[in-house]
Amino acid sequence: MSAKRTAAIVLRQFYLFRGSPARIFPLFAWVAIDIVLWGFITRYLNSFTSSRYNFVPALLGAVLLWDFFTRVMQGVTMAFFEDVWSRNFLNVFATPLLISEYLTGLILSSIWTSTIGLIVMLVLAQGFFGLSFLGYGLFLLPFLFLLFLCGIALGIFASASVLRMGPAAEWLVWPIPAMLSPFAGVFYPLSILPPWMQWIGRVLPPSYVFEGIRTIIAGRPVPRFDLLMGTSLALLYLALSCWFFSRVYHHVVRTGLIARYSAETLS
Amino acid sequence: MHDVLTVTNLRKLYGDTIAVDAISFSVQLGEIVGLVGPNGAGKTTTINTILGVLQPTSGTILIDGVDLSKHRSRALQCTNFEAVYAPLPGNLTVVQNLRIFAMLYSVKNISTRIEELLQQFELDRFRNTKCGVLSSGEQTRVSLAKAMLNSPKLLLLDEPTASLDPAIAQEIRAKLRDFSRAASGGVLWTSHNMHEVAEVCDRVLFLSHGKILLEGDPKRLPREHGKNSLEELFLTVARQPLTLEGR
Numbered sequence: 001m002s003a004k005r006t007a008a009i010v011l012r013q014f015y016l017f018r019g020s021p022a023r024i025f026p027l028f029a030w031v032a033i034d035i036v037l038w039g040f041i042t043r044y045l046n047s048f049t050s051s052r053y054n055f056v057p058a059l060l061g062a063v064l065l066w067d068f069f070t071r072v073m074q075g076v077t078m079a080f081f082e083d084v085w086s087r088n089f090l091n092v093f094a095t096p097l098l099i100s101e102y103l104t105g106l107i108l109s110s111i112w113t114s115t116i117g118l119i120v121m122l123v124l125a126q127g128f129f130g131l132s133f134l135g136y137g138l139f140l141l142p143f144l145f146l147l148f149l150c151g152i153a154l155g156i157f158a159s160a161s162v163l164r165m166g167p168a169a170e171w172l173v174w175p176i177p178a179m180l181s182p183f184a185g186v187f188y189p190l191s192i193l194p195p196w197m198q199w200i201g202r203v204l205p206p207s208y209v210f211e212g213i214r215t216i217i218a219g220r221p222v223p224r225f226d227l228l229m230g231t232s233l234a235l236l237y238l239a240l241s242c243w244f245f246s247r248v249y250h251h252v253v254r255t256g257l258i259a260r261y262s263a264e265t266l267s
Numbered sequence: 268m269h270d271v272l273t274v275t276n277l278r279k280l281y282g283d284t285i286a287v288d289a290i291s292f293s294v295q296l297g298e299i300v301g302l303v304g305p306n307g308a309g310k311t312t313t314i315n316t317i318l319g320v321l322q323p324t325s326g327t328i329l330i331d332g333v334d335l336s337k338h339r340s341r342a343l344q345c346t347n348f349e350a351v352y353a354p355l356p357g358n359l360t361v362v363q364n365l366r367i368f369a370m371l372y373s374v375k376n377i378s379t380r381i382e383e384l385l386q387q388f389e390l391d392r393f394r395n396t397k398c399g400v401l402s403s404g405e406q407t408r409v410s411l412a413k414a415m416l417n418s419p420k421l422l423l424l425d426e427p428t429a430s431l432d433p434a435i436a437q438e439i440r441a442k443l444r445d446f447s448r449a450a451s452g453g454v455l456w457t458s459h460n461m462h463e464v465a466e467v468c469d470r471v472l473f474l475s476h477g478k479i480l481l482e483g484d485p486k487r488l489p490r491e492h493g494k495n496s497l498e499e500l501f502l503t504v505a506r507q508p509l510t511l512e513g514r
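Top line first, the protein sequences correspond to chains A and B. The numbering of the first sequence is my numbering, which starts it at 1 and goes up by one. The numbering of the second sequence is my numbering, which starts it at 268 and goes up by one.
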């Protein structure tokens, strides 16, 4: 692995962001809107409940974590799409760049773009709606890490799918997080779902994060098993997504699709 | 002089269609080899396989002695290319593109090398211009500067002067000739401009239906086949390849 070649992929993203407000704005605008919207919804719900139950950590916290997961995934896919949009595959893949270096570059690009979104969300959620993640203690970090791993895995899988199916498949990628959210139990416990949905939920690493967060909010001990299970699944999916990307890459090189990518298929 | 490119029995099939049919050839250090032939003859397929973006069905490609199929990254380290159908990203400036590709090719002293190439290809005044707003000729010069970043042992050029005006095209040809004469590298050059091929190339390969029909010195080859010029020979290859097969 060459650090220089990996850095080239990150530098490309930096140059693109530096010269384009249209790329910078979405880094924080949509997550900020989500936090403001859900912040007021939770405040409204709190005004109805006479019990001591506080919706802020349960709902607003869930929105924040889910948005972070989504941003991590989009950080990978956006960096990949830059090569799709600029028809740059031939130039990039005719260099000595290894697939592992390319994927590492996409992941590193996602780290800083998703971190900006996370910071904006934390500031807004704490400043305006009193959501304090510090209350969760250090256990927030492994939960965030788990979501990060999962977002990366999904981003690589989505990028591989677009590489295989062509530029039009980009539109299949954007709704993926929304399609997963009902199964991941972002706003409700998995136990409320019908059994078949629960089974799907149990193989999705984010569901362990949201179950774990609800357990902590309820004042019970940190669910270490959930954390371990979720992390193991996320690592498995990350390995599988990298393997899938590599397989797809070799397929498009074998068929010649990568050299004629805009054609989408060779038939 | 040693071979910087050795292609042996290269074959590429798309289903039942034969794009490249067991061709073998080599390019020596300091040599410019022209790869010519009608559209669909297999020139770009051949170049794409050498660039590692298209896997051959069979055959071997050695770049400076390194087997491309086994050591892809090492083989491509000493290769570079320019093709009219592969412009650099239009949303990055000339210097940004050159810097990124210099890093991808692990070039040392990147800033110095970029300055040399900006001067060499007369791109200095466009250094902070986005490539997308350059004319096609200027974009070709940027792509050529990119192709020279790593001082490649093997330079692949797919119609490098197609979008250049005659004056710039002549300058570019002179620069590329200087590059090969300094024995810095070997060049595989495709073109539909037979005058250019005759002027620049030390050797020419005529490709038709995926096969090499003729090979030789572009200045002597037409007479050897009873033609007055390379252009006339090209027309025969394109229209009546069977009359030349087996010669």
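Each hint should be verified, as a subset may be incorrect.
Said to hold, decoys possible - A partial selection of chain B residues facing chain A, derived with a Cβ cut-off under 8 Å:
#, residue
1, Tyr281
2, Phe292
3, Leu318
4, Gly319
5, Gln322
6, Ala353
7, Gly357
8, Leu359
9, Leu371
10, Ser373
11, Ser496
Unchecked claim - Result set (DSS-like, lysine-lysine): computed pairs, CA atoms no more than 30 Å apart in a straight line:
#, chain 1, residue 1, chain 2, residue 2
12, A, Lys4, B, Lys337
13, A, Lys4, B, Lys375
14, B, Lys486, B, Lys442
15, B, Lys478, A, Lys4
To be verified - Chain B is nowhere near these chain A residues, computed Cβ spacing over 12 Å in every case:
#, residue
16, Ile9
17, Val56
18, Leu59
19, Trp85
20, Ser86
21, Phe93
22, Ala94
23, Trp112
24, Val123
25, Phe145
26, Gly166
27, Val203
28, Arg214
29, Thr215
30, Phe225
31, Cys242
No wet-lab data here; the hints were simulated from the structure. Think of the CB as a built atom: it goes at the ideal place given N, C-alpha and C, for glycine as much as any other residue.
Against the structure, the hints come out as follows:
no.: 1; hint: Tyr281; result: holds (7 Å)
no.: 2; hint: Phe292; result: violated (20 Å)
no.: 3; hint: Leu318; result: holds (4 Å)
no.: 4; hint: Gly319; result: holds (6 Å)
no.: 5; hint: Gln322; result: holds (4 Å)
no.: 6; hint: Ala353; result: holds (4 Å)
no.: 7; hint: Gly357; result: holds (7 Å)
no.: 8; hint: Leu359; result: holds (6 Å)
no.: 9; hint: Leu371; result: holds (4 Å)
no.: 10; hint: Ser373; result: holds (6 Å)
no.: 11; hint: Ser496; result: violated (33 Å)
no.: 12; hint: Lys4/A - Lys337/B; result: holds (22 Å)
no.: 13; hint: Lys4/A - Lys375/B; result: holds (11 Å)
no.: 14; hint: Lys486/B - Lys442/B; result: holds (21 Å)
no.: 15; hint: Lys478/B - Lys4/A; result: violated (40 Å)
no.: 16; hint: Ile9; result: violated (8 Å)
no.: 17; hint: Val56; result: holds (41 Å)
no.: 18; hint: Leu59; result: holds (39 Å)
no.: 19; hint: Trp85; result: violated (8 Å)
no.: 20; hint: Ser86; result: violated (4 Å)
no.: 21; hint: Phe93; result: violated (5 Å)
no.: 22; hint: Ala94; result: violated (4 Å)
no.: 23; hint: Trp112; result: holds (17 Å)
no.: 24; hint: Val123; result: holds (30 Å)
no.: 25; hint: Phe145; result: holds (29 Å)
no.: 26; hint: Gly166; result: holds (16 Å)
no.: 27; hint: Val203; result: holds (34 Å)
no.: 28; hint: Arg214; result: holds (44 Å)
no.: 29; hint: Thr215; result: holds (46 Å)
no.: 30; hint: Phe225; result: holds (42 Å)
no.: 31; hint: Cys242; result: holds (17 Å)
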